[in-house]
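Participant: Spelled out, the chains give:
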Amino acid sequence: MNVDGVNSGIVLDHIQAGKSMAIYRYLHLDKLECCVAIIKNVKSGKLGRKDIIKIDAELPMNLDVLGYIDPNITVNVIKNGEIAEKKRLDLPRELVNILHCKNPRCITSAEQEIDHIFRLDDLEKQIYRCVYCETKSKE
Amino acid sequence: MRHLIDITDLSQPELDSLLDLASEIIENPGKCADACKGKKLAALFFEPSTRTRLSFEAAMLDLGGSVIGFSDGGSSSAAKGESVADTVRTVGCYADIIAMRHPKEGAPLLASRHAGVPVINAGDGGHNHPTQTLADLLTIKREKGRLGSLNIGFCGDLKFGRTVHSLITALSRYEGIALTLISPKELPVPEYLKASVIEKNNMPFTETVDMEAALPELDILYMTRVQKERFFNEADYIRLKDRFILDAYKMKNARPDMSVMHPLPRVNEISVKVDDDPRACYFKQVLNGKFIRMALILTLLEVLS
Chain A
1 MNVDGVNSGI VLDHIQAGKS MAIYRYLHLD KLECCVAIIK NVKSGKLGRK DIIKIDAELP
61 MNLDVLGYID PNITVNVIKN GEIAEKKRLD LPRELVNILH CKNPRCITSA EQEIDHIFRL
121 DDLEKQIYRC VYCETKSKE
Chain B
1 MRHLIDITDL SQPELDSLLD LASEIIENPG KCADACKGKK LAALFFEPST RTRLSFEAAM
61 LDLGGSVIGF SDGGSSSAAK GESVADTVRT VGCYADIIAM RHPKEGAPLL ASRHAGVPVI
121 NAGDGGHNHP TQTLADLLTI KREKGRLGSL NIGFCGDLKF GRTVHSLITA LSRYEGIALT
181 LISPKELPVP EYLKASVIEK NNMPFTETVD MEAALPELDI LYMTRVQKER FFNEADYIRL
241 KDRFILDAYK MKNARPDMSV MHPLPRVNEI SVKVDDDPRA CYFKQVLNGK FIRMALILTL
301 LEVLS
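Chain order of the listed sequences is A and B.
The letter at position 88 of the first sequence is residue 88 when you use the numbering used here, and the numbering goes up by one with no holes.
The letter at position 221 of the second sequence is residue 221 when you use the numbering used here, and the numbering goes up by one with no holes.
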């Protein structure tokens, strides 16, 4: 199977096999008009199997959420067919509308169109808490 | 612009400064009599309250300001489905400062992002109640002469008791605070409080269901009510509501200088016979609550030079 290389854009490599569709949704890639390739179950020396996403456009995209979904993902920024930058991912300090608060007593359960904001509370244990009610994320 | 949503919004020096200002007002009540002349406080109470609402109103009136607002969400446009954000945007056009109580956790934080004027959290569901905490700290300081090196027992509903959560968080900044957490097994302190505050700050604590055994070791006993309005299931409330009752007989086992505190309202968790015991401080807390709210309003409105 052949997928053309990216000339200028972003390649997300070393995605844990099976997680590419979740990333597609989190990053709202369905809204892009450029070419987006999702390659699943690629053989990988490091992971056994991995997914890859290729986005054929330079977009001002906030990739912080990837650090929460899978901190092992490699972000390759491609310019003129070459890797211009490899980014390492950290756990983001804040997640907006990625996690949803399940506490029925939280204002997020009642207020219309409120952003669900979770803040990193414990880096070591990777615990996020709702900024409104401090409930721990269970996702 | 400053708000008070969580007690941790205040740094240690700011907290100490507020307590000092409140003590100054107690010593010299006329000092700030006109400090808020021409200013309006909006008291937005979406949930019933006696002490907190009247305390805010009395505080603003004693500062020479005036008060607008409502004491029941049902009498505001919230009953028509208006959002918290829209409500406070509107009120921010009329008032200089907002004190807000709401049954949903985090509602005052949301309000602070939209109001355009300082917002004070006057209680958000079972979550936080920082001005009660300020009243509690002022009471502890005036009764004990210090805010550290104390063994404090919290008794009753520690799960939904927002005053407990805020006070433990505030006390975590002081040295030598030991906690005795007395509650039914169904109503322990929430996991987030234990992990993020008590354990993170290495506060020594014990959990027990035996109030009488814990009593002789305490410098302060902070009683709380089991709150009917926090239960989805009334049968659970009825089963738990009378689990701990402090009476004159049990007080015989307490230290002669132990202070009994309660954020009020009380139902029957403290016998009225304890009221005459000089160790009962809960009505002093009420009075201190007005003075500390005066200090807070002055500070957030930045009207003191």
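These are calculated hints, taken from the structure and not from any lab test.
Where is the CB? At the ideal position from N, CA and C, for every residue including glycine.
There may be inaccurate statements among the hints.
To be verified - What the simulated footprint calls covered on chain B by chain A, stretch by stretch (three residues with Cβ under 8 Å from a Cβ of chain A suffice, anywhere in the stretch; the number is not a length):
no., stretch
1, 17-27
2, 77-85
3, 95-105
4, 262-270
What the hints assert, rightly or not - Mimicking BS3-like on lysine-lysine, the simulated pairs with C-alpha atoms at most 30 Å apart in a straight line are:
no., chain 1, residue 1, chain 2, residue 2
5, B, Lys31, A, Lys136
6, B, Lys144, A, Lys102
7, B, Lys144, A, Lys125
8, B, Lys200, A, Lys136
9, B, Lys290, B, Lys39
10, A, Lys31, A, Lys79
11, A, Lys102, B, Lys194
12, B, Lys284, B, Lys250
13, A, Lys138, B, Lys40
14, B, Lys185, A, Lys138
15, A, Lys102, B, Lys37
16, A, Lys102, B, Lys284
17, A, Lys125, A, Lys31
18, A, Lys102, B, Lys159
19, A, Lys125, B, Lys194
20, A, Lys102, B, Lys252
21, B, Lys290, B, Lys273
22, B, Lys144, B, Lys80
23, B, Lys185, A, Lys125
24, B, Lys185, B, Lys80
25, B, Lys31, B, Lys250
26, B, Lys31, B, Lys159
27, B, Lys241, A, Lys136
28, B, Lys194, A, Lys136
29, A, Lys125, B, Lys200
30, B, Lys80, A, Lys138
31, B, Lys185, A, Lys136
32, A, Lys136, A, Lys87
33, A, Lys54, A, Lys31
34, B, Lys194, A, Lys138
35, A, Lys102, A, Lys86
Unchecked claim - Here are the computed distance ranges between Cβ atoms for each label pair:
no., chain 1, residue 1, chain 2, residue 2, range
36, B, Arg2, A, Glu94, 18 to 26 Å
37, A, His28, B, Glu24, 17 to 25 Å
38, B, Ala195, A, Asn72, 37 to 45 Å
39, B, Asn28, A, Arg119, 40 to 48 Å
40, A, Asn62, B, Arg255, 55 to 63 Å
Participant: Look at each hint and say if it fits the structure.
Facilitator: Against the structure, the hints:
no.: 1; hint: 17-27; verdict: violated (count 0)
no.: 2; hint: 77-85; verdict: holds (count 3)
no.: 3; hint: 95-105; verdict: holds (count 4)
no.: 4; hint: 262-270; verdict: violated (count 0)
no.: 5; hint: Lys31/B to Lys136/A; verdict: violated (45 Å)
no.: 6; hint: Lys144/B to Lys102/A; verdict: violated (41 Å)
no.: 7; hint: Lys144/B to Lys125/A; verdict: violated (39 Å)
no.: 8; hint: Lys200/B to Lys136/A; verdict: holds (16 Å)
no.: 9; hint: Lys290/B to Lys39/B; verdict: holds (17 Å)
no.: 10; hint: Lys31/A to Lys79/A; verdict: holds (22 Å)
no.: 11; hint: Lys102/A to Lys194/B; verdict: holds (20 Å)
no.: 12; hint: Lys284/B to Lys250/B; verdict: holds (22 Å)
no.: 13; hint: Lys138/A to Lys40/B; verdict: violated (42 Å)
no.: 14; hint: Lys185/B to Lys138/A; verdict: holds (23 Å)
no.: 15; hint: Lys102/A to Lys37/B; verdict: violated (44 Å)
no.: 16; hint: Lys102/A to Lys284/B; verdict: violated (39 Å)
no.: 17; hint: Lys125/A to Lys31/A; verdict: violated (33 Å)
no.: 18; hint: Lys102/A to Lys159/B; verdict: holds (17 Å)
no.: 19; hint: Lys125/A to Lys194/B; verdict: holds (15 Å)
no.: 20; hint: Lys102/A to Lys252/B; verdict: violated (45 Å)
no.: 21; hint: Lys290/B to Lys273/B; verdict: holds (25 Å)
no.: 22; hint: Lys144/B to Lys80/B; verdict: violated (48 Å)
no.: 23; hint: Lys185/B to Lys125/A; verdict: holds (26 Å)
no.: 24; hint: Lys185/B to Lys80/B; verdict: violated (39 Å)
no.: 25; hint: Lys31/B to Lys250/B; verdict: violated (42 Å)
no.: 26; hint: Lys31/B to Lys159/B; verdict: violated (40 Å)
no.: 27; hint: Lys241/B to Lys136/A; verdict: holds (28 Å)
no.: 28; hint: Lys194/B to Lys136/A; verdict: holds (12 Å)
no.: 29; hint: Lys125/A to Lys200/B; verdict: holds (13 Å)
no.: 30; hint: Lys80/B to Lys138/A; verdict: violated (33 Å)
no.: 31; hint: Lys185/B to Lys136/A; verdict: holds (21 Å)
no.: 32; hint: Lys136/A to Lys87/A; verdict: holds (29 Å)
no.: 33; hint: Lys54/A to Lys31/A; verdict: holds (15 Å)
no.: 34; hint: Lys194/B to Lys138/A; verdict: holds (17 Å)
no.: 35; hint: Lys102/A to Lys86/A; verdict: violated (36 Å)
no.: 36; hint: Arg2/B to Glu94/A: 18 to 26 Å; verdict: holds (21 Å)
no.: 37; hint: His28/A to Glu24/B: 17 to 25 Å; verdict: violated (55 Å)
no.: 38; hint: Ala195/B to Asn72/A: 37 to 45 Å; verdict: violated (26 Å)
no.: 39; hint: Asn28/B to Arg119/A: 40 to 48 Å; verdict: holds (42 Å)
no.: 40; hint: Asn62/A to Arg255/B: 55 to 63 Å; verdict: holds (57 Å)
The structure fails to meet hints 1, 4, 5, 6, 7, 13, 15, 16, 17, 20, 22, 24, 25, 26, 30, 35, 37, 38 from the earlier list, while all remaining hints are met.
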